[in-house]
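Below, each chain spelled out in residue letters.
There are 4 protein chains.
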Amino acid sequence: MKRTLRLAMVGGGEGAFIGSIHRAAAALDGDWRLVAGAFSSDPERNRRSGEMLGIEPERTYPSLDALLVAEAALPPEKRIDAVSIVTPNHLHAPMAIAALDAGFHVFCEKPMALNMEESRQIAQAAARSGRQFGLAFTYSGYPLVEEARVRVARGDFGKIRLVQVEYSQGWLSQAIDREGNKQAEWRTDPARAGLGGCLGDIGTHAFHLAEHVSGLQVQELCADLATHVPDRRLDDDVSVLLRLTDGARGVLKATQVAAGDENGLKLRIYGEHGGLEWAQMEPNTLNLRWLDRPAEIIRAGGPGLADSTLQRLRTPAGHPEGYIEAFANLYRAFANRIAGEVGKDCSFPSVDAGLRTMAFVESVIANNASDRKWTELAAG
Amino acid sequence: MKRTLRLAMVGGGEGAFIGSIHRAAAALDGDWRLVAGAFSSDPERNRRSGEMLGIEPERTYPSLDALLVAEAALPPEKRIDAVSIVTPNHLHAPMAIAALDAGFHVFCEKPMALNMEESRQIAQAAARSGRQFGLAFTYSGYPLVEEARVRVARGDFGKIRLVQVEYSQGWLSQAIDREGNKQAEWRTDPARAGLGGCLGDIGTHAFHLAEHVSGLQVQELCADLATHVPDRRLDDDVSVLLRLTDGARGVLKATQVAAGDENGLKLRIYGEHGGLEWAQMEPNTLNLRWLDRPAEIIRAGGPGLADSTLQRLRTPAGHPEGYIEAFANLYRAFANRIAGEVGKDCSFPSVDAGLRTMAFVESVIANNASDRKWTELAAG
Amino acid sequence: MKRTLRLAMVGGGEGAFIGSIHRAAAALDGDWRLVAGAFSSDPERNRRSGEMLGIEPERTYPSLDALLVAEAALPPEKRIDAVSIVTPNHLHAPMAIAALDAGFHVFCEKPMALNMEESRQIAQAAARSGRQFGLAFTYSGYPLVEEARVRVARGDFGKIRLVQVEYSQGWLSQAIDREGNKQAEWRTDPARAGLGGCLGDIGTHAFHLAEHVSGLQVQELCADLATHVPDRRLDDDVSVLLRLTDGARGVLKATQVAAGDENGLKLRIYGEHGGLEWAQMEPNTLNLRWLDRPAEIIRAGGPGLADSTLQRLRTPAGHPEGYIEAFANLYRAFANRIAGEVGKDCSFPSVDAGLRTMAFVESVIANNASDRKWTELAAG
Amino acid sequence: MKRTLRLAMVGGGEGAFIGSIHRAAAALDGDWRLVAGAFSSDPERNRRSGEMLGIEPERTYPSLDALLVAEAALPPEKRIDAVSIVTPNHLHAPMAIAALDAGFHVFCEKPMALNMEESRQIAQAAARSGRQFGLAFTYSGYPLVEEARVRVARGDFGKIRLVQVEYSQGWLSQAIDREGNKQAEWRTDPARAGLGGCLGDIGTHAFHLAEHVSGLQVQELCADLATHVPDRRLDDDVSVLLRLTDGARGVLKATQVAAGDENGLKLRIYGEHGGLEWAQMEPNTLNLRWLDRPAEIIRAGGPGLADSTLQRLRTPAGHPEGYIEAFANLYRAFANRIAGEVGKDCSFPSVDAGLRTMAFVESVIANNASDRKWTELAAG
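Protein chains in written order, with the working numbering: chain R, 121 to 500; chain W, 121 to 500; chain E, 121 to 500; chain V, 121 to 500.
Because the hints were derived from the structure by calculation, they are not lab data.
Among these hints, one or two may not hold up.
For identical chains, the list gives no copy identity; a pair is met inside one copy or between any two copies.
Below, a list of computed lysine-lysine pairs in the DSSO-like style, where the Cα atoms sit at most 27 Å apart [unchecked claim]: (1) 198 x 464; (2) 198 x 386; (3) 198 x 302; (4) 279 x 198; (5) 493 x 302; (6) 464 x 279; (7) 493 x 198; (8) 493 x 464; (9) 302 x 464.
If you're wondering where the values come from, they're calculated on a predicted model, not measured in any experiment.
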């Protein structure tokens with residue numbers, strides 16, 4: 121009999137956006153059951169959150185530390201398998217390390233940590249504990265992102281020349297970070313968000329997607345960071361020229377002040393013979409263009425998909441799957457890996473993705489502060 | 121503490137499409153937990169399905185009858201609250217009636233039954249049992265379908281003149297119903313599917329959506345049914361002229377032989393001042409057009425949405441929600457109704473939708489068999 | 121040395137929409153030069169129009185009769201070759217017949233005439249004069265309409281099953297025909313527009329496009345005409361069920377009260393293996409969908425086009441061509457036919473298109489007045 | 121009586137792309153008549169071209185010099201008004217200067233010249249001759265580009281923060297410049313094309329559009345030029361970070377190796393309150409997005425357009441206008457300016473646009489050769 125894995129959550133109390141998404145993603149396929157949590161440092165909010173989520177009161181813990189101690193003491197058939205970390209960024213590293221060292225698998229909201237040093241400590245904790253570490257670079261969970269990756273890797277487009285990625289949001293166009301919006305507030309506070317603002321929040325998604333799908337690595341970059349909203353303490357707009365392996369060139373744009381834009385993550389990759397375009401807001405379509413024949417529209421559920429794409433789909437063609445399903449693909453792969461489900465999809469962003477995106481953030485910040493054009497990014 | 125409701129499923133064993141969707145939809149928000157089932161009349165397939173779904177072996181029952189007897193005997197804090205029926209169409213009526221009469225709420229895949237007589241019997245069973253009956257006219261669960269309904273109802277477009285709905289699929293373009301495709305096989309078998317083929321399978325979705333959003337009722341219709349694939353026993357293509365209340369006119373098209381089309385359900389409604397267009401395959405966009413000002417794009421999560429639309433959304437703008445989320449909205453509303461969650465969304469298609477769509481099917485078939493142009497559809 | 125043909129225009133004075141389009145279309149490729157005209161029955165407006173168009177004062181005639189007499193008397197190297205008729209519909213027949221009988225080719229705005237009887241008289245005049253008669257079913261001039269026609273004809277989609285055409289406008293949503301809009305006024309006056317309102321004005325375009333591209337003929341139809349705007353004397357909304365040759369079925373919709381719609385002519389055709397979709401408002405794209413492989417986007421100027429499509433294009437891929445260019449393709453083909461340019465595109469809608477669309481109009485009106493479901497349309 | 125202006129063309133013989141577009145653009149509205157030319161340095165090709173275009177043999181000249189001498193000697197009522205220069209780039213400057221000095225207006229294909237020095241000489245010639253100099257930055261002729269410009273200028277979006285422009289083509293993805301494609305050959309030859317390859321050919325269009333619509337000027341830039349196709353002598357891919365007036369930031373991308381792309385010029389501009397997006401391949405739509413209200417679709421011919429936009433339109437909404445019509449808008453404005461048509465559209469790209477784009481080309485090349493990040497672009 122298949123075992124439903126047991127999950128605890130840290131953070132993600134009432135009203136938190138990303139916590140509810142993690143929960144829905146974990147629940148969708150029946151692979152995970154949320155049984156414990158430390159949802160808020162505010163005791164009353166923590167209690168209400170646990171109650172709302174149907175968690176037994178005794179497993180709604182006041183802190184991660186309390187949770188780890190108590191769960192470790194439970195018998196294996198009741199004890200949690202993994203912890204989801206959905207707190208602000210500055211808590212990711214200490215919490216991930218504590219949970220790994222307590223013997224639990226960890227699925228962590230991105231970014232991995234505040235800086236490279238912390239990120240390396242998590243990597244070491246994962247290595248020494250032998251536990252799995254998953255990182256929510258959600259967009260790699262979309263079925264047609266996988267299809268794009270497969271097609272680039274098998275050479276459909278020939279040698280890759282251009283990698284263009286952009287992530288365009290508008291929700292920080294005004295100073296809502298100073299007007300009580302909690303999401304905006306911590307994301308623009310260097311102490312809680314890390315060195316990059318827009319750069320860390322969404323620039324890393326764009327970077328990860330570009331490298332993940334292209335199979336190339338950024339070797340050198342040249343960046344311009346801007347802060348358009350007065351008195352904001354972190355960047356809200358990022359533009360980066362990229363030089364990638366094998367002579368490919370690229371441009372990465374990420375912005376949170378494109379007023380009116382929603383969640384416009386878009387990737388284009390061109391090789392010698394053709395190119396692809398994928399846009400997160402219409403995720404069930406992958407556009408292919410060719411030098412010598414008509415453009416093709418690859419559709420989720422349509423003909424000609426790779427096996428690894430099909431494994432990430434739940435519905436027939438024309439029944440849209442979205443963000444939660446993409447997220448659920450990561451949680452399912454994480455479960456499959458833990459359960460040793462050979463032959464099923466076990467691939468999810470992990471320590472490597474965390475280190476690589478952190479290196480990107482640090483290189484961009486260094487380059488932005490410099491008069492020299494190019495800054496190297498060490499091979500990951 | 122919020123109670124997670126307990127669900128049993130009839131049908132939906134391994135490999136069944138719609139069963140897995142019902143399960144994901146029920147699980148998504150944590151409102152329901154699947155705890156029992158009679159997944160297949162094949163004992164081995166039934167056993168494997170229950171195991172795969174993490175159901176306790178003793179609650180994987182050989183039949184609905186066994187399930188109803190056993191569950192009714194359980195203490196209230198363990199007993200199921202509702203039964204999901206996801207069998208072929210000819211079993212909907214007897215099963216729904218049995219479950220209602222056993223005191224359980226029922227959520228049933230559409231169509232309600234094979235004919236109007238059966239449908240009325242379900243309606244009576246629901247009335248006498250005082251139990252809820254939900255019917256999976258899934259597309260009414262999309263947030264922007266609700267938004268469209270609200271805007272029509274509050275008169276944004278003025279008096280409605282035109283209602284145009286189409287549902288275009290291509291998957292039955294070949295005789296796959298005679299070549300081992302189980303989904304295709306029973307859908308084209310009058311004994312299991314009912315009187316209409318394409319008409320019952322998707323024509324009813326189109327009809328329900330059109331009346332649901334427009335707030336109008338079809339009063340007269342004129343239909344042409346075709347069967348394009350040789351030896352098929354039911355219609356695979358439907359075209360209907362509609363005359364609706366208040367002088368509105370319309371056209372309904374449904375086809376399963378539009379080769380290459382996926383799941384193209386599309387609705388357009390025009391009034392004196394403007395019109396709307398919604399397409400299921402891009403469900404997070406609602407297009408509005410106006411006589412005297414620029415067209416507007418209403419977006420899921422964007423500015424200006426009705427409260428009842430916002431209640432059907434889980435993510436911020438630009439994070440696509442899809443078919444499973446729409447379905448989950450129905451299951452959540454069904455749970456809210458059962459739990460008496462006043463102030464939350466408690467609206468889902470029920471007996472009325474079932475009777476109305478059945479009347480549509482019977483009128484179309486009668487008209488198609490006649491030389492007279494118009495056939496009345498009694499007010500629902 | 122290539123000869124630029126000489127054109128006269130009847131109607132199309134200052135402020136007339138369609139006259140200016142005919143002039144631009146004729147001028148675009150240098151095939152025609154406008155040298156004479158009778159632009160308005162109002163002498164002052166006629167004079168001003170001729171002056172504005174750079175016509176010599178002595179060739180700005182007070183009437184078509186005066187024009188025909190005077191031009192016939194000119195030496196061949198100065199005399200016009202053809203007359204463009206862009207007057208209201210009720211003048212098409214007498215003018216076309218007069219011009220043909222005077223020995224001039226005629227290019228006529230559609231519809232051909234007010235009724236079938238007049239249309240047959242034009243056909244006879246064309247036959248006895250040996251002159252060319254062109255009819256502005258403009259949409260058949262689009263390059264990708266030609267491409268669609270070619271691909272259907274060569275069997276790419278297999279046997280055709282479905283033909284769906286719609287023409288959706290909104291500009292007559294209000295009673296502007298009673299408020300001084302000249303275009304609207306004569307189009308809704310039976311004496312000047314003919315028997316059909318929306319039916320004759322745009323329903324005929326939809327019908328022509330459907331038969332032209334599908335290569336099929338409508339054999340039976342069942343129609344519903346509506347007049348939504350109070351006191352309007354002709355239909356403003358048309359819905360027709362179609363039964364075509366070889367068992368194909370179809371639906372034709374045309375409306376001028378789809379408030380907010382612009383000029384939404386759209387054609388879809390499906391066969392056994394796939395289908396096509398073309399929309400006039402994005403005319404440089406032809407969408408193909410297939411049962412067994414990804415959808416393709418055929419683009420004006422892109423790879424894989426038929427020779428006859430390429431002949432209708434002026435620019436490389438990605439440089440949009442539009443309505444005037446489509447129109448110009450008809451004028452160029454008309455010139456090529458007159459000049460005997462073998463090997464070049466000489467195909468334009470003519471007498472057959474006029475008779476066929478007129479038969480459609482009359483059949484729809486007859487069916488609409490009847491209680492019987494189907495009305496035959498004689499083979500054209 | 122309105123006077124049709126008389127035009128001569130240099131270059132643009134048989135088979136030349138851009139020459140035929142200039143001719144169609146000039147002819148479309150009846151403002152210009154092509155009466156003379158020196159179409160090719162190959163006498164036989166020149167003769168054939170003149171004949172094909174209906175030019176009198178004695179006005180088909182062997183060279184521009186011969187043309188200028190002969191036309192200047194004609195009486196004013198026969199003499200040309202202006203010369204169109206559609207030769208390869210290296211001939212633009214000498215020819216433009218000669219024609220201006222001979223007293224004729226000049227409409228020149230872009231780029232203005234090979235370098236800044238030549239460009240300044242043209243500017244001086246225009247100044248001393250008092251003649252008009254038009255430059256074919258065609259994309260500024262599109263009606264909705266004008267609409268975008270107007271809306272930015274009147275502050276609809278607030279202070280502008282982001283200017284993103286891209287021009288993506290794929291036709292030089294292979295070494296067709298070494299395989300007999302004439303268009304490709306001279307465009308990649310520094311002696312004939314100038315310093316920039318893709319940069320000069322299309323990067324300048326992107327730059328001009330960005331400054332023209334935003335009303336801002338690029339003050340500093342940081343560029344990366346690449347040559348992806350082996351042995352190509354000029355860049356085929358351009359990426360530039362932009363810092364504009366008033367703190368705006370931007371990115372400009374231009375490429376001719378985006379395999380499968382056609383003519384993808386796209387502009388996005390964002391201010392404090394909203395943003396706009398315009399794409400050349402769907403030029404009749406202008407997308408507006410807002411922080412606080414639904415996105416709007418501005419349509420050519422639709423409600424709410426500026427007067428200067430309406431003057432650039434020929435057809436009602438929904439009748440697409442394209443590239444030739446945009447081009448014709450420039451020729452019409454050029455004619456209106458020459459004819460002194462006060463109150464009509466007299467605005468076309470001229471000397472300023474030429475100098476500004478040339479400065480951009482030179483700055484990009486200088487920056488690309490440097491290790492320093494930013495290069496200034498002097499105010500234009």
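Hints and how they fare:
| no. | hint | in the structure |
| --- | --- | --- |
| 1 | 198 x 464 | within (25 Å within a copy, 34 Å between copies) |
| 2 | 198 x 386 | neither (43 Å within a copy, 48 Å between copies) |
| 3 | 198 x 302 | neither (35 Å within a copy, 40 Å between copies) |
| 4 | 279 x 198 | neither (51 Å within a copy, 58 Å between copies) |
| 5 | 493 x 302 | neither (36 Å within a copy, 37 Å between copies) |
| 6 | 464 x 279 | neither (30 Å within a copy, 42 Å between copies) |
| 7 | 493 x 198 | neither (56 Å within a copy, 59 Å between copies) |
| 8 | 493 x 464 | neither (45 Å within a copy, 48 Å between copies) |
| 9 | 302 x 464 | between (39 Å within a copy, 25 Å between copies) |
This entry does not satisfy hints 2, 3, 4, 5, 6, 7 and 8, going by the numbered hints stated previously.
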